[in-house]
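Trainee: For reference, the chains in residue letters:
Number of protein chains: 2
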Amino acid sequence: MLTVLGLEEAKKLAKEKFKELLNSYDDIDSASALGRVLFEDISSAEDVPGFSRSTVDGYAVRACDTYGSSNSIPAILECKGEILMGDKAEGALEGGDCYKISTGGMLPQGADAALMVEDSQDLGDGLIYGVKPVAPGENTALKGDDVKSGEIFLKKHTLLTAKEIGALAATGIEKVRVFKKPTVAIISTGDELIKPKEKPGPGEVRDVNGRLLAAAVTESGGVPLFLGIIKDDRLAIEGAIKEALEKADMLLISGGSSAGERDMTVDIIGSLGEVFMHGLALKPGKPTIMGAVDSKPVIGLPGHPVAAFFVYKELVETIILNMTGAKLVPRVISAKLTTNYPSNHGREEIVPVKLSDDLSFAQPLFIMSGLITLLAEADGYIKIPRDNEGFEKGKLVDIRLF
Amino acid sequence: MLTVLGLEEAKKLAKEKFKELLNSYDDIDSASALGRVLFEDISSAEDVPGFSRSTVDGYAVRACDTYGSSNSIPAILECKGEILMGDKAEGALEGGDCYKISTGGMLPQGADAALMVEDSQDLGDGLIYGVKPVAPGENTALKGDDVKSGEIFLKKHTLLTAKEIGALAATGIEKVRVFKKPTVAIISTGDELIKPKEKPGPGEVRDVNGRLLAAAVTESGGVPLFLGIIKDDRLAIEGAIKEALEKADMLLISGGSSAGERDMTVDIIGSLGEVFMHGLALKPGKPTIMGAVDSKPVIGLPGHPVAAFFVYKELVETIILNMTGAKLVPRVISAKLTTNYPSNHGREEIVPVKLSDDLSFAQPLFIMSGLITLLAEADGYIKIPRDNEGFEKGKLVDIRLF
Chain A
1 MLTVLGLEEA KKLAKEKFKE LLNSYDDIDS ASALGRVLFE DISSAEDVPG FSRSTVDGYA
61 VRACDTYGSS NSIPAILECK GEILMGDKAE GALEGGDCYK ISTGGMLPQG ADAALMVEDS
121 QDLGDGLIYG VKPVAPGENT ALKGDDVKSG EIFLKKHTLL TAKEIGALAA TGIEKVRVFK
181 KPTVAIISTG DELIKPKEKP GPGEVRDVNG RLLAAAVTES GGVPLFLGII KDDRLAIEGA
241 IKEALEKADM LLISGGSSAG ERDMTVDIIG SLGEVFMHGL ALKPGKPTIM GAVDSKPVIG
301 LPGHPVAAFF VYKELVETII LNMTGAKLVP RVISAKLTTN YPSNHGREEI VPVKLSDDLS
361 FAQPLFIMSG LITLLAEADG YIKIPRDNEG FEKGKLVDIR LF
Chain B
1 MLTVLGLEEA KKLAKEKFKE LLNSYDDIDS ASALGRVLFE DISSAEDVPG FSRSTVDGYA
61 VRACDTYGSS NSIPAILECK GEILMGDKAE GALEGGDCYK ISTGGMLPQG ADAALMVEDS
121 QDLGDGLIYG VKPVAPGENT ALKGDDVKSG EIFLKKHTLL TAKEIGALAA TGIEKVRVFK
181 KPTVAIISTG DELIKPKEKP GPGEVRDVNG RLLAAAVTES GGVPLFLGII KDDRLAIEGA
241 IKEALEKADM LLISGGSSAG ERDMTVDIIG SLGEVFMHGL ALKPGKPTIM GAVDSKPVIG
301 LPGHPVAAFF VYKELVETII LNMTGAKLVP RVISAKLTTN YPSNHGREEI VPVKLSDDLS
361 FAQPLFIMSG LITLLAEADG YIKIPRDNEG FEKGKLVDIR LF
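Order-wise, the sequence lines are chains A and B. Using this note's numbering, you'd call the opening residue of the first sequence number 1 and step up by one each time. Using this note's numbering, you'd call the opening residue of the second sequence number 1 and step up by one each time.
Please note that the accuracy of each hint is not assured.
Which copy is meant is left open, so a pair is good if it fits within one copy or across any two.
[Claimed, not checked] Taking lysine to any residue and the SDA-like style, the derived pairs with C-alpha atoms no more than 20 angstroms apart in a straight line are:
1. K197 to R177
2. K148 to P200
3. K175 to G110
4. K88 to L159
5. K88 to L123
6. K231 to E82
7. K354 to Y129
8. K100 to E174
9. K197 to A31
10. K12 to K197
11. K336 to D398
12. K242 to G201
13. K175 to G239
14. K283 to N322
FYI, nobody ran anything at the bench for these hints, they're computed from the structure. Model, not experiment: these values are computed from the prediction.
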């Protein structure tokens, strides 16, 4: 029961235990799919563009009619008319002909290139003088150049950002199947806790983790469900865990800062389901529990907000992203430490840092795990390995940005 | 009227012309302020924590009673009771006394440190044997350690993420004043455009920019207002621009891919207000217009979605962020180019790249500006300066991630 793991071991275990746990989807409008993650590959039902187009303002031509042309020996082309935007190019182009065309205009049959207006002269006599040769295909986007009918252009697990929303619009795909957002229940436990809006008496503190974790779950693409503050009472906690797992896909239960309370939470999770890990070799973050009830992840987080936040970032977020279907894209930059940072705890250590304006220097923040306002100053954090005695001033370190 | 600018000049001009344009705020609940930007500095009305606390499970002590203690000569302390979580620590600690205490428990009067339970022995005789000295303040968080009454802990222009939401909860601040989200109107123009749900006939293309830009505005923290597709007609465009600026704080008008239409858009903006820039020395992105009507920014974007997207990322986003109050935090990483990329256009060039899985290599995507589905594959982009002939394979380049 007393299985203490290092962070990497814990992540690996979480990946094994909670892989594709919530394999469920929603079918939604593409126009409102920003921030969602594709549940399936997307292929186009048609060629895009649907017709060959000019990519310049100028003249639709047969490339071979321009070969060898120059300022001194221009290609002389007969202008047969103008192709208007949005119009179907009627009539076919024959040898020596051209059509005036705008960027995006449809190439007429027979044309295989476009001559830029800058490379032509129009003397007003119905003839166009081309002064530069163009190759077949030059200055055009051909039918199907962007995507061909049947071709997959967005893969499962793709996060839909502005450019993917644009690609869906271009191909006329109006509905997409996306991963369902996991509902993550949040419970704060502790006899000392009061609501943030209340004024604490002696010995009382406001519940920070409820809102902190709800905001973090939202940032990760989940739907938070805060079930309130529960007193340190076995029946109350057990009832809250059962309620949470009826309503949600996962549970974060934070608090239990005292040893007795932590043990009680572990006991309850064990009696309702299974405990995989009891203790994380991470500073801060030691009193972390990982288990499952009814195959749903149940994570016991430290009561201290800063510790809860870092365990969330390192362990919980990866589990939620597994459920949202998204890939974790690390936001990591390198910078030099501004000062020595000693570390010698037998545990991997997380140290928040503040970056200089030019992002080249990182100032470690000597933070105690209770100090949430100091954390707000941090731009990211570094990790010092378990058996390392700390980092020296000037060392180039990898910083995970928040 | 024909003022062509480079990208950096255009950004500088935008900064001058549109600085603190929308200096307006909302007062909202802190609990639902995730993603908003502070309009004012935030200070605490009280000390946090509001009382001195133990940060370990163990015993509240006077540090001086533990000096010199060791395994062979333990400090012998009389345990006067236990301080429960959330309780006010009554009675004061006198010389030689200790109280049992949990992590987060309130230190009683007279105690100035906490002895970890691991560094003590309890033989059940009412006496506690301390085997390690503690210094004053050790293993405690003192009243006001996190933030002191009156102290500013969050500055104006701070983006409220999970950790800031947590800091607001810790200090009991239930309402915050945040920057108003700018409303950004979007108009697509072009006789060739149809709605994404429609099936294009010959010469017709779906409007991509409407949804692409609406999604991008949302990502930047603005509120998009898409006013639809407008035909290339002077009165129609003029009417749409006027309507847009009645309803919104800024306007993005995209399209005008033909030279004639671009000129018409410039004329209309000039007649209603002022045009600062007509043409951007950027590939893709040349047909970009920057102006203002009624002091509101009006940006004419290229009709090609990929070009519109990059101009948005480089120029428009900075203007919107000026209005949202947020600071642009660049997401830039370095990687090596996998191949040569020639560039010689007399314009700064933007090249989308795809990163290798380990983020160390960047593959340039040779993309024509119309090809939106190819863009979806890109992870970010590089910029090649105006007078550079291109980058060589293996060069370490800075990549702006999407």
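Trainee: Does each hint fit the structure? Answer for all of them.
Mentor: Going down the list of hints, with the structure as the test:
Taking the closest pair of Cα atoms, K197 and R177 come within 20 angstroms of each other only across two copies (17 angstroms); inside a single copy the shortest separation is 40 angstroms, beyond that limit. Taking CA atoms no more than 20 angstroms apart as the test, K148 paired with P200 passes between copies only; the shortest distance there is 15 angstroms, against 64 angstroms inside one copy. For the homomeric pair K175 and G110, neither the shortest alpha-carbon distance inside one copy (37 angstroms) nor that between copies (67 angstroms) is at most 20 angstroms. For the homomeric pair K88 and L159, neither the shortest alpha-carbon distance inside one copy (36 angstroms) nor that between copies (50 angstroms) is at most 20 angstroms.
When the C-alpha separation of K88 and L123 is checked against a cutoff of 20 angstroms, the pair qualifies neither within a copy, at 27 angstroms, nor between copies, at 96 angstroms. Proximity of K231 and E82 under a CA criterion of 20 angstroms is satisfied inter-copy only: 18 angstroms between copies versus 79 angstroms inside one chain copy. In the homo-oligomer, the alpha carbons of K354 and Y129 never lie at most 20 angstroms apart, since the shortest distance is 63 angstroms inside one protomer and 42 angstroms across protomers. In this assembly of identical chains, K100 and E174 lie within 20 angstroms of each other by CA distance neither inside one copy nor across copies; the values are 35 angstroms within and 64 angstroms between.
In the homo-oligomer, the alpha carbons of K197 and A31 lie at most 20 angstroms apart only across protomers (10 angstroms), although the nearest pairing inside one protomer, at 38 angstroms, exceeds that limit. For the homomeric pair K12 and K197, neither the shortest alpha-carbon distance inside one copy (39 angstroms) nor that between copies (44 angstroms) is at most 20 angstroms. Taking the closest pair of Cα atoms, K336 and D398 come within 20 angstroms of each other both inside a single copy (9 angstroms) and across two copies (18 angstroms). In this assembly of identical chains, the alpha carbons of K242 and G201 never lie at most 20 angstroms apart, being 31 angstroms within a copy and 57 angstroms across copies at closest.
With identical chains, the CA atoms of K175 and G239 are never at most 20 angstroms apart, being 40 angstroms at best within one copy and 32 angstroms at best between copies. With identical chains, the CA atoms of K283 and N322 are never at most 20 angstroms apart, being 25 angstroms at best within one copy and 38 angstroms at best between copies.
Violated hints, listed in ascending order, are 3, 4, 5, 7, 8, 10, 12, 13, 14; each of the other numbered hints is respected by the structure.
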